[in-house]
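Peer 1: Each chain, written out:
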Amino acid sequence: MSELLRIKGLSKSFGRKPVLKDFDLTVESGRVYGLLGCNGEGKTTLARILMGVIPADGGDVFYKGQRITYGQSAYKRDFGYVPEDPFFYEDMTVRALLDFNGRFYPKWDRKRAAADLERFALDPKARIGTLSRGQKLKLGLAVALAAAPEFLILDDPTSGLDVPTRQDFLRDVIRELAASGTTVLFATHLVHELERIVERLLVLSGGRLILDEDFDKVKATHQASLEDIFVRLVAGA
Amino acid sequence: MFTTLYFKEWREKALIFTFELSILAVLLGAQFFLQQKKDIREGLIYAVLLLFFPFAALILGAAGFESENRQEAWAYLFSRPVSRVVVWLAKLAALASMFTVLWIIFLAAWAAFPAVRELASGPRVLLEYVAESGFPWWSVGLSAFLLIVAFSLSLLRARQFNLLFVALLLGLVFPAVAWGLIISKVGGFMAWLAPTKALRTLLISLVLMTLAFVGASLLTLVRSDHSQPRKQTRSFAGSLVLFLVLALGGTVATALFIPVPGDHYLSLVTSSGDNAIYATERGILTYDASSGRIRWLAKTRYPEYLLSSPANGRIAYSTLDIKGRRDITHEVWTVGMDGRDRRLAVGRGSPGPWDPARSNITGLMIRPDGRSIAFLTRAASSRSGGALPALWTVNVDGTGLEQRPLDALLADGTTENRWLFLTAWGRTANVLLILKRHSPQPGQSQFGLWAYDLDRRTLRKFEDGVLPASWRGSMSPREDLLAIKLSSGAGLGLPAKALAFIDLATMKRTAIVEGTDLVLSRVQWDPAGERLLFQVKRPAPEGRADYAIAIYSLAAGKVVAEESFAASEREAWMMWTAWMPDGRSILARDAESRSLKILDLALRETGRFDLPARIKEPGQPAVVGDQVLVVDGKTDSLWRLDLSTKRWKSIY
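Protein chains in written order, with our numbering: chain A, 1 to 237; chain B, 238 to 889.
Please note that the accuracy of each hint is not assured.
Unchecked claim - DSSO-like cross-link-like pairs, simulated, lysine-lysine; straight-line CA separation at most 30 Å:
| hint | chain 1 | residue 1 | chain 2 | residue 2 |
| --- | --- | --- | --- | --- |
| 1 | B | K795 | B | K734 |
| 2 | B | K422 | B | K274 |
| 3 | B | K536 | B | K560 |
| 4 | A | K64 | A | K125 |
| 5 | B | K422 | A | K17 |
| 6 | A | K21 | B | K468 |
| 7 | B | K468 | A | K8 |
| 8 | A | K21 | A | K8 |
| 9 | A | K21 | A | K217 |
In short, the hints are calculated from the structure, not lab data.
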């Protein structure tokens with residue numbers, strides 16, 4: 001598998017509080033990464049830096065070997081992003097948001113978007129402001145998937161979903177994406193979510209990765225549930 | 238992507254825009270329903286220009302990033318594959334086009350309805366005088382500035398009310414501070430000493446301040462972290478301060494180094510021997526032909542045009558001493574022709590009866606021996622000539638300041654449209670000739686020449702209908718004869734009925750030209766004071782006129798040479814002449830051929846020098862030594878022609 005993304009020495013602070021410290025990570029294409037971390041450990045910060053929403057204080061990010069800097073936008077055509085808090089333009093309708101996004105992505109799949117709306121039972125005419133948090137998450141997911149990304153960042157999206165959708169989402173969507181060769185970085189603090197889908201496990205603590213290993217190897221080494229492994233690792237760090 | 242974002246902004250702000258459009262429609266529509274109530278209509282136009290447009294711009298601008306900040310959608314927008322510069326440009330373009338639509342509607346009403354045009358040209362809040370009727374660009378400028386300020390600030394994640402308030406404050410305070418500086422001593426009292434320059438400077442400062450806000454906003458959006466509002470605000474403030482300092486520097490540099498028409502001037506005062514003296518906006522300079530150098534006789538911040546011819550190696554000039562808008566005093570100075578021994582003769586501290594309140598100096602002359610000065614004053618508030626003028630004399634060291642009575646001259650009771658001019662100061666007799674001009678009706682002038690005997694303190698009328706033959710060359714080089722002409726009853730510069738000269742010792746008049754000929758104001762004594770060069774206009778067949786240059790010889794007592802040179806008055810006015818220093822030839826500027834001609838005493842052409850193409854508007858030539866100086870009125874530059882090498886050079 002080829003290297004898709006490489007992060008080197010990434011750091012970010014908010015005020016005097018460091019969130020990411022000398023963070024290194026290499027992402028290979030076509031794999032599903034699970035990023036575990038407690039609340040406030042920097043998962044959202046990492047996702048936002050990768051999406052160019054906020055600047056890093058230091059370090060480098062390379063996508064397909066090319067260094068990407070804050071303010072660049074072309075690389076984002078290959079990236080999908082479902083944030084933890086899906087803040088859209090509340091006054092837009094669901095269809096208007098899809099149309100709006102469709103102009104930015106060259107590989108935009110209109111049929112896929114329509115199918116996902118149907119699958120998630122979203123009314124295209126509904127104003128986004130009237131949708132529940134779960135519905136907004138589903139809409140965010142539909143937008144991200146319609147863009148046919150090469151790299152999809154899911155920033156704790158399942159915490160707001162109802163159980164059936166969550167199971168459906170995890171079982172079908174992520175497996176489907178993995179099968180199509182899309183690289184997925186699934187950041188969450190809900191440990192058990194990852195067990196069914198993750199290929200490589202990343203554990204973030206104190207601003208650094210304290211674990212970056214294939215999930216099968218982790219399970220074989222520790223002979224415990226993922227939750228126990230996570231607690232033990234974080235406590236040890 | 239730009240188009241997508243642009244139309245998204247239009248859809249988002251459509252409600253605000255429709256609301257503003259409706260208010261404008263009501264305010265303009267009221268103009269037609271209230272046709273009989275001009276006061277109300279005027280108030281509504283003022284409301285449109287002073288309140289509606291600034292506030293409409295403010296509200297539109299503040300809405301710039303409102304949806305991203307209110308709905309927390311900024312993270313979503315910035316994660317899309319679109320550059321932040323494009324986001325910023327699309328937002329600004331959408332707001333600017335809404336703003337433009339509002340102004341186009343007003344422009345249409347302004348262009349279509351004279352009543353709106355008349356009222357809109359009225360308010361001049363920034364000016365203290367009524368400018369010409371025109372489109373209210375000041376309101377466009379002010380509201381555009383407010384739009385940019387509010388838009389720039391909308392990037393910051395602050396409450397909408399705070400944002401509007403701060404934008405309004407900054408949007409009004411910055412232009413007000415700029416205008417305050419321009420009108421104050423810091424800005425050189427530009428607003429009332431040079432209003433055209435002041436308005437341009439204000440406009441430039443507004444544009445540069447707008448760019449400062451634009452730059453700070455764009456830089457902040459592109460570089461800063463939108464998730465950290467305080468850090469972002471600090472970043473914006475830092476950039477803004479830096480750009481505002483640059484804007485201030487740019488404004489000052491523009492005001493200092495880029496002139497407006499009339500900002501600079503270079504005016505020949507007099508020339509004799511090796512020296513020519515010029516008045517400039519920076520002071521008085523002299524060119525010395527023997528050294529080939531320019532020397533400043535006086536540098537002064539607020540020079541006046543009043544400057545005497547040199548007398549015994551000294552000149553006198555007046556300046557303004559400005560300490561505030563209502564604290565202005567005229568000063569009289571003298572300085573040696575070598576630029577040394579500069580002395581204040583009259584100023585703020587001069588003893589009584591000198592009254593600074595009546596210190597508006599209107600005429601100035603230095604005595605031929607260079608020891609004392611005579612000057613005329615008029616009350617500072619008078620613009621029509623209605624106030625009583627006063628004659629003063631003072632020694633060059635400031636002692637002996639004395640007001641001389643002018644009762645006899647002023648006894649006719651005329652107060653309006655009356656002006657006095659100092660004309661000549663006799664060398665042998667200590668007599669000051671004063672020209673009185675009275676214009677009872679526009680286009681009519683009555684002249685009278687008066688003689689003030691400074692030793693006997695007596696004033697008597699010399700003759701009515703007489704005025705100096707020209708402003709620069711009337712007095713002979715020996716300062717004993719004064720060339721005069723008889724007024725044709727019109728303006729100072731118009732052809733006169735006859736030419737004569739007065740012997741200042743005996744006050745006897747000798748006629749030179751009389752009859753049907755008219756004399757033009759181009760009269761010059763030769764360096765020895767033995768010949769008089771002048772231009773004359775004669776009736777020609779078929780109602781036309783003939784223009785000629787003529788030389789009168791004192792020794793021969795008649796005109797000894799005459800040559801036609803022009804067939805039209807316009808062409809005649811374009812011809813400038815000057816005696817060469819040896820007194821044996823004459824230099825004439827021929828505008829038609831753009832050349833300088835050398836004429837002998839028979840007025841035959843003996844040589845010719847083409848003017849360089851770089852001299853756009855050649856003025857009167859001055860001959861100093863073996864060099865000719867020509868001012869280019871277009872660029873206010875001074876050119877020198879070396880007659881021996883025949884080379885031109887720009888020297889100032």
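Peer 1: Could you grab the alpha-carbon distance between K21/A and K8/A and see if it respects the 30 Å cut-off?
Peer 2: With a Cα-Cα distance of about 10 Å, the restraint between K21/A and K8/A holds, given a limit of 30 Å.
Peer 1: Assess, step by step, whether the Cα of K422/B is no farther than 30 Å from the Cα of K17/A, and give holds or violated.
Peer 2: Violated, because 51 Å separates the two Cα atoms, which is more than 30 Å.
Peer 1: Does K21/A pair with K217/A here, judged by a C-alpha cut-off of 30 Å?
Peer 2: Distance of about 26 Å is within 30 Å: holds.
Peer 1: With the threshold set at 30 Å, check whether the alpha-carbon distance from K536/B to K560/B stays at or below it.
Peer 2: The hint holds at about 18 Å.
Peer 1: Is the hinted pair K64/A and K125/A satisfied, with a Cα-Cα distance of at most 30 Å?
Peer 2: Violated: K64/A and K125/A sit about 39 Å apart, past 30 Å.
Peer 1: Is the Cα-Cα distance between K21/A and K468/B 30 Å or less?
Peer 2: holds, 20 Å
Peer 1: Would the hint linking K468/B and K8/A be met if the CA-CA limit is 30 Å?
Peer 2: holds, 25 Å
Peer 1: Is the straight-line distance between the alpha-carbon of K422/B and that of K274/B 30 Å or less?
Peer 2: Not satisfied, since the Cα-Cα distance of roughly 43 Å exceeds 30 Å.
Peer 1: Given the hinted pair K795/B and K734/B, is their alpha-carbon gap at most 30 Å?
Peer 2: With Cα atoms ~17 Å apart, K795/B and K734/B stay inside 30 Å; holds.
Violated hints, listed in ascending order, are 2, 4 and 5; each of the other numbered hints is respected by the structure.
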